[in-house]
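Position in the sequence shown counted from 1, then plus 1, gives you my numbering.
In short, the hints are calculated from the structure, not lab data. Keep in mind the model is a prediction, meaning the values are calculated, not measured. A couple of the hints might just be wrong.
In the EDC-like style, the derived pairs of lysine to aspartate or glutamate whose C-alpha atoms are separated by at most 16 Å in a straight line are [as the list claims (entries may be wrong)]:
hint: 1; residue 1: K8; residue 2: E59
hint: 2; residue 1: K8; residue 2: E74
hint: 3; residue 1: K57; residue 2: D85
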Amino acid sequence: MSNSNFKSFLADYIQDEVITSVPDGFITGIKLYRETNSAVLSVSFDGYAEFSALCKIESLVADRLELNSFTIEPSFSPEIFTSDLMPSIIDELKRSCSVVNGFLDGAGYDFANNKLRIYLKRGGFEILNHS
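Please model the complete structure; the sequences and the hints are all you need to start from.
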């Protein structure tokens with residue numbers, strides 16, 4: 002790939018105001034699936050990218066490239082994670098892993114000593130544990 006800068010790659014396909022909504026990133030891989038007319042782009046981000054912004058970019062790129070789907074698989078440095086990010090992370094878990102949908106509603110969480118603890122309010126631990 003001649004240009005592995007995520008924002009430079011996007012500049013050919015979508016408007017600048019959408020690009021500025023995510024941090025800089027480095028493209029680490031791309032998978033193209035001819036049979037499903039889809040693509041997956043792996044990106045290592047310098048900071049936290051809101052999943053809602055990534056979803057918007059996915060939709061715009063898919064439309065522009067006439068793909069059935071375009072997915073961004075983000076990776077982030079562990080140092081950026083704080084409990085403040087949990088609502089966004091939970092939203093992404095609900096989107097990407099339907100089995101958690103509902104279980105995390107109203108859940109409490111804390112992040113200390115590099116451990117994330119989630120306190121389920123509505124049950125479901127056994128189902129999540131076996132998924």
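Results of checking the hints against the structure:
no.: 1; hint: K8 <-> E59; in the structure: 13 Å, holds
no.: 2; hint: K8 <-> E74; in the structure: 15 Å, holds
no.: 3; hint: K57 <-> D85; in the structure: 22 Å, violated
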